[in-house]
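A.B. asks: Following the hints, position chains B, C and D with the ligands against chain A.
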Amino acid sequence: MIKKALRRIYKDKLRLLMGRLSEEYNIFSPKLVEGRIIFDRIDDVSEIINEYHTRPVLPVKKLFLPQRETLFEYEIVDNDVIISDKLDLVAREKRCIFGVRACDIASLQILRRFFSRGPGDPYVIGRLSNSMIIGIMCNSVFPSCFCHFTDSGPLPKDGFDLFLVDVDDYFIAIIGSERGNQIASKNEDIFLDANKDDALAIDNKVKEIVSLMKSPPVVDQMVLYDAFVRSFNLDFWEDYAKKCLSCGKCNFNCPTCYCFDIFDEVDLDLRKGRRVRVWDSCHFLSFTRVASGEIFRRNRSSRLKQRVYHKFVYSVNDIGLISCVGCGRCFEVCPASIDLRDIITKVLCG
Amino acid sequence: MGVVRIVELPRIEGHLDVEIEILGEDIRVRAMAREGIRIYDMILRGREYSEVPDIVSRMCGVCSVIHRVTSVMAIESALGITPSDDILALRELATIGGHVQSHLIHLFYFILPDVLGIDSFIRLIDKNPGLIKKVMRIKGLANSIIEALSGRAVHPITTVNAETSFLPSRDKVYRILDELKATKNITLDISKIFLEAEFPDIPKEENFVSLASRDSINLLTGKISTTSGVMEPQAFLERINAIVEEYSTAPHFLFDGKAYMVGSLSRLNNNYPLLNGSARDLAKEFNLTFPSNSIFMNNKAQALEIVYFLERAEEILGRLLEKDELKLQSEKKHGNNFGLAATEAPRGLLIHTYQLENGKIISANIITPTAQNLKNIEKNASEYVRALLNNNFDLGEIRKQIEFLVRSYDPCISCAARFRKSNNLGKKLYK
Amino acid sequence: MHKLKVGIYSLSSCEGCIVQILNLEERLLEVLNHVDLVECRVLGLKHDDEVDVAFVEGFVSSDEEATKIKEIRGRSRILIALGDCAYSGMRFVAKDFGTSTIRADPINMYVNVDYHLRGCPIDSEEFLSLISDLIHGKKFKESSKTVCSECILLENKCLLDKGFLCLGPITRGGCNAICIANNKGCFGCRGLGDDVNISAFIESLKSKGISIPSYLLGLLKGPGYGSSQNS
Amino acid sequence: MVSMKNPYIPTKAIITHIRNETPDTKTFRIRILDQNEFSFTPGQFIQLSVFGFGEAPFSIAGSTNEKELEITVRRIGTVTGALFRKNVGDIVGVRGPFGKGWPIGLMLRRNILIIAGGLGLAPLRSLVHYIILNREEFGKVYLLYGARTPADLLYKDEFNTWSRYIDLHLTVDKGDNYWKGRVGLVTILLDDVSVDTEDTIALQCGPPIMMHFVSKKLKSLGFPDENIYLSLERLMKCGMGFCGRCTVSGRYVCIEGPVFCYADIKSFIEAIPEAGVEHA
Ligand SMILES: Cc1cc2nc3c(=O)[nH]c(=O)nc-3n(C[C@H](O)[C@H](O)[C@H](O)COP(=O)(O)OP(=O)(O)OC[C@H]3O[C@@H](n4cnc5c(N)ncnc54)[C@H](O)[C@@H]3O)c2cc1C
Ligand code: SF4
Ligand code: SF4
Ligand code: SF4
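Chains as they are written, first to last, in this note's numbering: chain A, 34 to 383; chain B, 66 to 496; chain C, 38 to 268; chain D, 1105 to 1384.
Next up, chain A with everything else stripped away, as it sits in the complex (with noise of 0.2 Å):
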C-alpha cells in the first residue's frame, strides 16, 4: 500500500489550483490542437484538457528534449566570434508540467539519470530541475500499454511532485516531493485532508488498470536482460527485419529515445549562426556514416536490434536501469505494427 501522504482534491478546484500556480510557473499541459492532443505551453488553464482517455502524440521528452533546440547562437565580427549561450534561457524559465502520465514520468527519470553522467546536458538537466510535475493516474488503457511488466506505471515509484488519482468527483493527490507538500500546505483550501480509504482506493484502481493491461508475463529484469543477451544472435531478428520498414517513428516517438544530431545553421553573410541539435533516429542508415563512407549499421535488423538492445541491455550496462517504460506507442506508430511485447516473449520464450 502506499506510503506517501495523500490529500483530495475536488474536480471543480482543479482548474483554481492550476489558476494559482500559473502565476508563478508557465503551465504546460496536453491541449487539443486541430483535432489532436499535444504537450504544449497553454495560456489559459481553460485549456487544460478535462479528457484523459487519449495522451499527447509526442511523449512528454519534447518538453525536455525538444525535437530541434539552439544550443548557442553566435556572431562573426572581423576575426572574432561573439558566443551567446541559450541555457540562460532554460535556467530561468519555471515550468509546471501537468498531466504527465506514469510511463511518461519513469521515461523523465531515466532521462534524467542518462543526462547526469560525465559533465551532464545542462538543458536536459536544467528544465528537468525547474520544472514541477503534476502526474495523473491513467483512467484506461490503451491496447498497447505494458508498463506493468516494466515496472513503470500505472502508479509512478518517484519523479513527480503531485500526483493524481481521479476517483469519482475527486482526485486523490499523491505527495511526491518537498514542492508538492509545499503547494498543499499552501492551498490548503483546495487540498483536503484524505480520508482513510484512500490508499486502498488507489491500491484497487491500479489493480484494475493492471488487469486490463495486456502485458507479457513480469519476469525479473536481470532475467530479461539475459535473455536478451543469449538472443543477439538468433534468427527471429530478420524476422522482424524484414517487417521494418526503416522509418525512425518508434524513434521519434518513444519517451526515452534521446540521440541527436547537431549541426551549425548560419545565414547568407557568415556572420550570425546557431548550432542547433535535433532528434535523430538509429533507424536511418545516415546514423553510422562516418567520415570514409563505411555505414556501421547496414543490415536493417542491426538498426532494429540497436534500439532495442539499447532499451533492454546496453541502458541497464549504462544507468542501471532498462530504459522502455512500457507505454507501447513505438508500436502504436509502427506502420508494420512490430509488437515489442512479441519481441520480448519471443526472447523470453527462448
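Since the hints were made in silico from the structure, they are not lab data. Every residue gets a Cβ at the ideal spot worked out from N, C-alpha and C, and that includes glycine. Fair warning: there could be bad hints in the mix.
[Stated by the list, open to error] Simulated restraints, written as ranges between beta carbons of each label pair:
#	chain 1	residue 1	chain 2	residue 2	range
1	D	Glu1170	A	Phe296	27 to 35 Å
2	C	Ile249	A	Asp77	45 to 53 Å
3	A	Arg69	B	Glu113	23 to 31 Å
4	A	Arg69	B	Ile251	57 to 65 Å
5	B	Glu379	A	Lys247	54 to 62 Å
6	A	Ser210	D	Glu1302	55 to 63 Å
[To be verified] Below, computed lysine-lysine pairings styled on DSSO-like, alpha-carbon distance capped at 27 Å:
#	chain 1	residue 1	chain 2	residue 2
7	A	Lys305	C	Lys40
8	A	Lys95	C	Lys194
9	C	Lys176	D	Lys1116
10	A	Lys46	A	Lys127
11	C	Lys176	D	Lys1190
C.D. replies: Relative to chain A, chains B, C and D with the ligands alone:
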C-alpha cells in the same frame, strides 16, 4: 524580306518560338510551341479518378490552382456531386490567389520590362527596390491565400471538397484579412503603373470568349459567352475544333472556324458591367473603356482584375467569417461518368472533361487558354507586322514589338503543349 | 568575395520550381545579394557564357533537349537538378510517366548532376539551404529522414491508421510532411528514402485494408529506381 | 540547479601555425585563448568548431609537453573543408579533450608495437613523442607505418629523429621512382620484426580494413587479447556520451574509447568488423 525567328521567347511561361515570315505582301507569323511533350490527356488514362488532381496540377506551375480545382469539379460532375456554395466560395478564394499571383508575375516579371525598355525585372533591384518590395508583398499575400486554402502556393495540396474537408485556421484567415486591408493602397499603386502606361493601339481583336457572369465575374461555373451568344459549355465544345500544325507541339483552336481570344480582356469585355469597387473607379479615372479591341489592353485588364479580385477575396472572407459553420457537405446524385468543367484560368477559359469507368479515367480532354489563343496570336501578329512595315519599322523593331504583342496574351506553353511534332499523337488526340 | 554566377534553365516542365523560387519574395532578394543571377529565360536574362551554378528543371523529352542539357553542363561548374522532373523524369509524381511511349528522361541520363533538389515542386527551405551551402562552399546533404518520421515530429495523426494511402514511410523527407499536414496522404513526390522496405510497406497496407495501387508494385521492380543519387 | 559551465560551448582558440603534410592533409597548431596549458593523454581527441560550418572530432597529434595543441586533418567534407580555408590567426573553437587514450600505465617497461595506417598515425604521433620524451620508461618500441603512396606519408621530416629512439618501419601500397622501401600493406611489416608476443603491447589505428587484417595477424602471431589495443572511429556529435551516435554494443566510443582493448571488444555483442570480431 525573309524570315525572323524568335527562339525561346523570353519572359513567358514555357517555350515558344515565333517565326515571322515576310514574302512581299504575304506575311505569316507562326506560334511554334516547343515545350517537350507532356501529354496529360494520355497519362491520365487508366488512373483512379482520385489521382487526377495531383497529376493535372503539374501541367503548369503558374496556374496549378485552377487546374486542380477544374479537374476536381469535372470529376465531381462525372460522379454527380454538386459542391455546396461554401465549398465553391472557398475554391473561388484559392483561385483568386492563383489569379493574382499569375497576373503579378505576368505584368511585372514579363511585361514591365517591355514598358520600361529593360531586359529584366530584377534590374530594378537597385533602381527601384521600393517597387520590387511592393510587388513581392502583394504576391506574397496572394500566395498566402492559396496556402491557407490548399496548403502550398505551387501545386496546391488539397482542394476543398467533401472528402478532404480542410479548412484554414481562423488565425490564418484573420492574418490574411489584415494584410488585405493593410495593402489596399499598395495594390492600387502598383496597378496604376499599367493603367497609366501608353500601349500601342491596334484594334484587331474581335472574338471574345469567357464564362458569362451574373453577379460577380465568374471564375468557376456558368455558361460561356461568345460573340455568337451565350451557350452551355457542351455546346461550345461542339463548335470548336483543334488544328494540329506540324510546327507546334500545341493544338490551335478555332470557334466556328474562326480564331478567338480568351483571357482577362475577354472576361472584362464580356462582363464589364460587373466590375465594381476600386477597380471600376480606376477604370473611370484612367478613361478605360470596355469592350476594347486592342490586345495590349489585356495588360490593363489584368491590372484591374488584381484590384477587383483582392477586394472580392476580402468580401468572401468576411462573408464566410460571419457564418458559425460552413456547409461542406455536397449533394450527391447519380453521376453518368462523364464530367465537364469550364472555368476561368488566369489566362482565360479552361475546360477539363473526363470519361470514367469503374472509377478509372478512360479518356480525358484538357483545353487550355493558350491553345485557344494561338491562332489568334498568329492572326493578329501578322496584321501587326503589316502595320509596322507600312510605318517603316525595321526588322529589329518589328521583332521587339511582336515579342511584346505575343507576351501581352500571357501565353503559357507548359499547359498548352501536348504532343510531339514527329509522331501522329496530335492527330490521334484531335481527330 | 567572388559572387557565384548562377543560371536557371528549364527543359520540359511546368516551371513550378522556378515559380517556387520566385515565391521566396524578399528572401529571394537576399539571395540575389549574394549571387549573380545571370541567366534565366523567364526573367529575361541571357548570358550564354560560363556559370558557377546551373539549376535545371524539367526532363529531357527530345534530342534537342538532350543537346541543350549537355551544352549547359559544358559551361557550368556545378549542376543541380531541380524537382522531380529533372531528378526522375517525373516518375514519382506521375508514377508511370516515361515508361510508356512518352520520353521523359531524368537529366542524369545525359550529364553528371552534382546535387538534386527533390520534390514536386522543390521545397523552398531546402532550396535556401542548398544555396547557403553553395555560397559557403559546403557540401549539400539531403535529408536522411523519411516523410513518415517528419510527420510524427509535427504530431500529425497517421493517415494510414485512418485508412488512407500515404507513402510517407518509404519517401525521403525534406518537405516537412507538408501534404499530411494538409490532411492528404503523401504520394511520394520526393522519391524513395535510404534503404526503404517497399515489400514490407505493401504488406502493412494489406493488413490495414488499404488498396494497393499498381505503381507500388512497379517500384519493387528495378534497382536504381530513385535510390539516392546524392552521394 | 544548472551547472555553471555549458559543456556544449567551445572555448575560443587561435590557429598559430599550419603545415602541409600531404596534398589533402595539413597539421594545424592551435592555441586555446585564455588558457596557458592544454593537458591530455595521447590517444584522446578534441571537438573542433569552425564557426558557420560545424564541429568535428580530431585526434590530438601534438606533444603532451607543449602549451599548444596540434591536429592533423584530412580535407573531406564540410568542417574539414572550411578548416582548410582558414589561415594563421583565425579563430576556431575547441572542446575537450575527450575520451580515453592509449593505456600508458600498462605500457610502462614493456615492449610496444605500434601499427598505423594512413591518417591513423595522428593519434599515435603524440604517443611516439611521449615515448621519446620518456624513452627509458619503455622497452623495445616498434612503429610500423603504411601509407598509400610515398607522398601520403605524414610527418616525414620527423622520421630521422624518431628512428634514433624507436624502430621505424615504413611501407606504401604503391611506390614511385624514388621509393626504395617496402611496398605492400602494413601487415607485411609484421614479418620484418620479431616481437616477443608475451611481453609486447600492440597498438593500432588506421582504416577499418587495415585494423581488421592486423588484428587477425596479431592473433595468429600469438598475441593475447589483453595486449592488443585499437582506436575506433565512429560518428560522434557531442563527445560526452549523450548524442548516442558513436555507441558500439551500447558502449560510448567518445567516453570509453576511442581506444579499446581487443579483449573488451571481443565481449561486445555487436560485431566490430574492424577488429575482426564478427559474431553470428
Ligand atoms: C575519435 C575520432 C578521431 C578522429 N581523428 C581525426 C584526425 O585526427 N584527423 C582527421 O582528419 N579526421 C579525424 N577523424 C575523422 C573526422 O572527424 C572526420 O573526417 C570529420 O568529422 C569530417 O567532417 P566534415 O564535416 O569535414 O565532413 P562531412 O561533411 O561530415 O562529410 C564527410 C564525408 O562523409 C560522407 N557523408 C556524411 N554525411 C553524408 C550523407 N548524409 N550522405 C552521404 N554521405 C555523407 C561524405 O562522403 C562526406 O564526404 C576522427 C574521428 C573520430 C571519431
Ligand atoms: S520502447 Fe516503445 S514501449 Fe518502450 S518506452 Fe519506448 S515507445 Fe514506449
Ligand atoms: S516504427 Fe516500426 S517500421 Fe518504423 S522504424 Fe520503428 S520498428 Fe521499423
Ligand atoms: S508529403 Fe510526400 S507528396 Fe507531399 S511534398 Fe512531401 S514527399 Fe511530396
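A.B. asks: Take the hints in turn and mark each one as holding or not.
C.D. replies: Cross-check of the supplied hints:
1. Glu1170/D to Phe296/A: 27 to 35 Å: Given a distance of about 32 Å, which is inside 27 to 35 Å, the answer is holds.
2. Ile249/C to Asp77/A: 45 to 53 Å: holds (46 Å)
3. Arg69/A to Glu113/B: 23 to 31 Å: holds (29 Å)
4. Arg69/A to Ile251/B: 57 to 65 Å: violated (38 Å)
5. Glu379/B to Lys247/A: 54 to 62 Å: holds (56 Å)
6. Ser210/A to Glu1302/D: 55 to 63 Å: At 58 Å between Cβs, range holds.
7. Lys305/A to Lys40/C: Between Lys305/A and Lys40/C the Cα gap is close to 19 Å, so the pair holds against 27 Å.
8. Lys95/A to Lys194/C: holds (17 Å)
9. Lys176/C to Lys1116/D: holds (25 Å)
10. Lys46/A to Lys127/A: holds (22 Å)
11. Lys176/C to Lys1190/D: This hinted pair holds, its Cα atoms lying about 17 Å apart.
Checked against the numbered hints above, the structure breaks only hint 4 and satisfies the rest.
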